[in-house]
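Given the sequences, and given the hints that come with them, work out the whole structure.
Chains W and U, in that order, are what the protein sequence lines are. Per this note's numbering, the very first residue in the first sequence carries number 1; after that it's consecutive. Per this note's numbering, the very first residue in the second sequence carries number 1; after that it's consecutive.
Take a look, some chain W residues computed to stay more than 12 Å from chain U by CB distance: (1) A58; (2) R66; (3) M258; (4) Q267; (5) K306; (6) I308.
Calculated lysine-lysine pairs in the DSS-like style (CA-CA distance at most 25 Å, straight line): (7) W:K35 - U:K103; (8) W:K114 - U:K33; (9) W:K99 - U:K33; (10) W:K165 - U:K59; (11) U:K68 - W:K165; (12) W:K98 - U:K89; (13) U:K33 - W:K98; (14) W:K103 - W:K37; (15) U:K15 - U:K83; (16) U:K68 - W:K124; (17) W:K99 - U:K102; (18) U:K103 - W:K98; (19) U:K68 - U:K15; (20) W:K207 - U:K68; (21) W:K98 - U:K102; (22) W:K207 - U:K89; (23) U:K79 - U:K103; (24) W:K260 - W:K250; (25) W:K194 - W:K165; (26) U:K89 - U:K6; (27) W:K114 - W:K270; (28) W:K306 - W:K27; (29) W:K114 - U:K89; (30) W:K165 - W:K191; (31) W:K270 - W:K91; (32) W:K37 - U:K33; (33) U:K102 - W:K37; (34) U:K89 - W:K35; (35) W:K124 - W:K250; (36) W:K37 - U:K89; (37) U:K103 - U:K89; (38) W:K165 - W:K188; (39) W:K91 - W:K27; (40) W:K165 - U:K6.
Just so you know, these hints were derived from the structure itself, not from any lab. Note that the structure is a prediction, hence the values are computed from the model and not measured. The beta carbon of each residue, even a glycine, is placed where N, CA and C say it ideally should be.
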Amino acid sequence: MSDIYDVVIIGAGPAGLAAGLYAARAKLKTLIIEKEKAGGQIVVTEEVANYPGSIENASGPSLIARMVEQADEFGAERILDTIVDMELDEKIKVLKGKKNEYKAKTVILATGAKPRPIGCPGEKELTGKGVSYCATCDGAFFTDLEVYVVGGGDAAVEEAMYLTKFARKVTIIHRRDELRAAKSIQEKAFKNEKLDFMWNTVVTELKGDGILESMTVKDTVTGEEREIVADEEDGTFGVFVFIGLIPETKIFEGKVNMEKGYIPTDQDMKTNVPGVFAAGDCRVKSLRQVVTATADGAIAATQAEKYINEVFDV
Amino acid sequence: MLELTKENFEEEVLKAEGYVLVDFWSDGCEPCKALMPHIHGFEEVYGDKIKFCSLNTMKARRLAISQKVMGLPVIAIYKDGEKIDERVKEDATVEGVEEMIKKYI
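Now the structure itself:
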C-alpha cells in the first residue's frame, strides 16, 4: 500500500496548494501534480489587494511562493506531470500521467481555468504579436504605444489601469454601455487620465503581418463596423483580452458530471464520484477568486480525510 | 547559456552561422522563469548542435519588437541569422520546445 497516496491533487494553483497543505498537515500522504508550474492564473496578477491579510508584497507570484513553501513544509509532495487519463470509479483511483502512473484513495480536481479568447479571425496567429492575455507578462512591450483592453469586469479594468503605467493611452472596449467591475475599481478607473472607454463595441477581426497592425470593431447597437489602424510611427498596438474564463476540465469529460464544462459539487466539494472532489475555478460556483479557491481546497482536503476514515479501515 | 544584449545580438544571432536558439524572457514573466531551467536542460543535451542564448527583453524592448516578439515566453530558432521557427506563449511548453528543437538536429 505504500505507493498509494491518500490524496492526489491535480493542479497547483491556490485551490490545489491549499488542499495540499491541509491534507499534508492532517498527516495524509499527499501529492500535488502540476502540468507546467505552480501558481495557476494568479501568478500573472500584479496586485492581489483583496486576499485577506495580503497587504504588503501582495503580488500573485509572492502569494503563490508562500503557499508553495507552506505546502512543502507540511510535507506535501509536488511533481510536474500532465495527467492524460484516469480511472476514478474504483476504490483505488488511478491517474495516468505522461511520465508516471499515480494511485490514490482520493482525488481532488483543482485544474482551474484559463483566459477565454475573443474567438475572432487573426487572434491565434497574433497572440504574442500584439494580442495578449497577460498584462504583467507583456505590458512592458507596449511602453509608449497604444493599448486596447477588451472586457468590462474586475480583471479587465484592473489590468487596464496597470497597463497605463506603460502605454501612451489605454482604451477599454466593452460590449455593454457600463462596466461590470466593482464600484471601487470603476471609481479609480474613471479618475485615470490615460484611460478611455469605447462602449457597446466588440472586436471582430485582428490583422497584421507577423505583428498586430489593425483591427475591426463593431458597434453592438448600430451594427456598424470600422477599422482601427496602428499609428503610422508606432507600426503596432496592443490588444489585451480579459473576457472571462474557460475551465480546464477536458480530461475529466465522461469521468465526473459536468455543467457547461464546470464540475458541479455539493457544499463539501464532493463530485458525483465517491472519493473525488473538486476545488477552485474548475467548479460550478458564483465567485472565482483566490479566497474562494483556497477555501474550496481546505474543505476538499478535510472531506477527503473524512472519506478515507469511513471507507478505508484506518 | 549565452546572455544576449542589445550590443551583441546582431553578432551572436543575426550574423551567426548555423542554428541559434533564443529564449526571450523578462523579469516579470513567471511562465518564462518556469520554462528556463528546462531550456538549460536542453542545452546540455542539444548544445553541441545548437547555440543556446537568452535575451532579457526588459533591457532590449525595441530589439525584441524588431524580432516580432511582443509577448512572452518565446523560444525562437534562427538559422544563419534568419528566424525560422518559434514557440510562443501557450505553445512554448517544455514538450513543444523540445519537439521544435528535434526538427533541426
